[in-house]
Amino acid sequence: MTRLAVENLRITFGGNIPAVDGVSFAIERGKVLAIVGESGSGKSMTSLALMGLLPRGARMSATTMRLGDLDLTASSTRMTDIRGRRMAMIFQDPMTCLNPVYTIGNQLEEVYLQHNGGRRSAARERAIYLLDRVGVPMARERLRQYPHQMSGGLRQRVMIAMALMCEPEFLIADEPTTALDVTTQIQVLDLLTELKDDFGLGLLLITHDLGVVARIAGEVCVMRRGVFVETGGVADVFANPQHAYTRQLLDAVPVLGQPKKRLLPDGALSL
Amino acid sequence: MGLWIGLAILAVIALLALAGPWLLPRDPMAQNIMNRRIPPIWDAWFNPASKASVEHLLGTDRLGRDYLARVIAGARISLPIGFITAGVAVTIGAAIGIAAGYWRGRVDAALSFVIQTRLSLPIMLVALTSISLLGGSLSVIIITGSLLLWDRAAIVSRTMTMQLSERDYVRVAKVLGATNWQIIRREILPGLRNALLIIFTIELGNAILLEASLSFLGLGLPPPAPSWGLMLAEAREDIFAAPWMIAVPGVALLLTVFATGLIGDALQTGEQTQP
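Just so you know, the sequences run in chain order A and B. The opening position of the first sequence corresponds to residue 1 in our numbering, with each subsequent residue numbered one higher. The opening position of the second sequence corresponds to residue 1 in our numbering, with each subsequent residue numbered one higher.
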């Protein structure tokens, strides 16, 4: 089974404090790994590093970063062939992630044609199949619509379909439900779980929402200040958190009817 | 409204330029010293002793050449100069601007230096120098103009490319494997299209005026070419005795540049009122 494996990943921006300081993890196809952490903990940088899309000025090093047999850090690896075809990514805000000047069909087909070439009709069939698969009603008619004619939840489904056009083995979902309302969130999470099982997709979930983690992840890495403070199965970590920060995070989840507790700022945490 | 007026004026001028030789089969170069300085047809309305005749609707110049034929022939010079120069200039500018705005860093530093260098050069003086060195011909004027008028397109496309390449859908295109070229073609260029069209109309007017100015200064097209600028220059000495000789090419120039200005202005307003 193909694995996406990262060992000792470090990302710096030239200063003394690294954004990501030696994290290691591995995902297999059909599994979900969640990286959970607060803003600035380095979770998005980790996912961008996998894609080879770190911002200008970032420096990256890793002992290993492999997709199956392929070394992602090797200069001979053409990332444009891997992105979309073997690894794809979806983002937080479905409202801005689709280009407003093209129809849904055009955007979906373009991803397919770019990697597979061939005829547009084949791409269209694949697009209709996937739209149908991610639960967009009247898929054939939707192809002619523009993004502004769709709701946020539908657009996120379209984004997921777009990411799956070329049957990638791994999908990185960077806060996939943050911009959606709660009922839509659950639908999208259930959809991701279903797709993961049906397509054998390895899912790397980047989130700050423990509810999302609990619903779909198998394993969870709690990230803070560029390091994984705790790693383990979701059930274990939630039932028996070992690290003080994990405990605080779990305590900070608001429960209806209970007085609120605060997640203390940095200095207040005794390690 | 302005858009349609501008387009109508430009269409009439373009039509005259295209169909002129068939509508008015008169040689714009043919001299007739006996019929020189004939006033335009409307002179007959005010002056019973006028020499004006329907033979020469806009009169003749000081060598007896038919002025209407010359103005129309002038459009056949000005319009191609305007369209080709503006087209090439906007293409050069867009290429420089997109490259600088997309790749940033050192590419941007180098290309920004090129843009600054261009901005520090006075257009008229550089054009005069290059034409006095290379000689005034249609192609030299077009090349010189193209190499001098790209700055606006470059600056605007650089800034807009920087903004557009931060959009989420560009990030999505990247993570789904689009190459730089595909991103520029599919995601950036459509966003620049309107702005470049507006700049094209501005540079169209500028290019026409540049040619007219150069010809007026005697360093554009050589006589006896019926360039509007050259016609103005030749009519200079007759300004009191035969003012129409200045007015006719002047109005032609004014109308053309006014029309392109109207079009550009209307496109810009339309662009800003878009949701």
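Be a bit skeptical, because a hint or two may be false.
Okay, the calculated beta carbon distance ranges per label pair [what the hints assert, rightly or not]:
| hint | chain 1 | residue 1 | chain 2 | residue 2 | range |
| --- | --- | --- | --- | --- | --- |
| 1 | A | E167 | B | R193 | 57 to 67 Å |
| 2 | B | F258 | A | G118 | 29 to 39 Å |
| 3 | B | I5 | A | S39 | 52 to 62 Å |
| 4 | A | R247 | B | L197 | 14 to 24 Å |
| 5 | A | E141 | B | L24 | 26 to 36 Å |
| 6 | A | T193 | B | L147 | 38 to 48 Å |
| 7 | B | G261 | A | N116 | 46 to 56 Å |
| 8 | A | G57 | B | T159 | 15 to 25 Å |
| 9 | B | Q163 | A | T193 | 54 to 64 Å |
| 10 | A | R247 | B | R193 | 21 to 31 Å |
| 11 | A | A244 | B | F113 | 30 to 40 Å |
| 12 | A | N116 | B | R104 | 26 to 36 Å |
| 13 | A | T193 | B | W103 | 36 to 46 Å |
| 14 | B | F113 | A | N116 | 27 to 37 Å |
None of these hints come from the bench; they were simulated from the model. Note that the Cβ used here is the ideal one computed from N, Cα and C, for glycine as well.
Each hint tested on the structure:
1. In this structure the supplied range 57 to 67 Å is violated for E167 of chain A paired with R193 of chain B, their Cβ-Cβ distance being about 34 Å.
2. Separation of F258 of chain B from G118 of chain A is about 51 Å and departs from the stated range, judged on CB atoms against 29 to 39 Å.
3. Judged by the Cβ atoms, the range 52 to 62 Å given for I5 of chain B and S39 of chain A holds: they are separated by roughly 54 Å.
4. Between R247 of chain A and L197 of chain B the C-beta distance comes to about 60 Å, which lies outside the given range of 14 to 24 Å.
5. Between E141 of chain A and L24 of chain B the beta carbon distance is about 56 Å. The supplied range of 26 to 36 Å is therefore violated.
6. Separation of T193 of chain A from L147 of chain B is about 60 Å and departs from the stated range, judged on CB atoms against 38 to 48 Å.
7. For G261 of chain B and N116 of chain A, the Cβ-Cβ distance of about 48 Å falls inside the hinted range of 46 to 56 Å, so the restraint holds.
8. Taken as a hint, the range 15 to 25 Å holds for the pair G57 of chain A and T159 of chain B, whose Cβ atoms sit roughly 21 Å apart.
9. Between Q163 of chain B and T193 of chain A the beta carbon distance is about 37 Å. The supplied range of 54 to 64 Å is therefore violated.
10. Checking the proposed 21 to 31 Å range against R247 of chain A and R193 of chain B shows it is violated: the Cβ atoms sit about 55 Å from each other.
11. Look at A244 of chain A against F113 of chain B: about 54 Å separates their beta carbons, and that is not inside 30 to 40 Å.
12. Checking the proposed 26 to 36 Å range against N116 of chain A and R104 of chain B shows it holds: the Cβ atoms sit about 32 Å from each other.
13. Between T193 of chain A and W103 of chain B the beta carbons are some 40 Å apart, a value that agrees with the proposed interval 36 to 46 Å.
14. Roughly 42 Å separates the CB atoms of F113 of chain B and N116 of chain A, a value that falls outside the hinted 27 to 37 Å.
When each numbered hint is compared with the structure, violations occur for hints 1, 2, 4, 5, 6, 9, 10, 11, 14.
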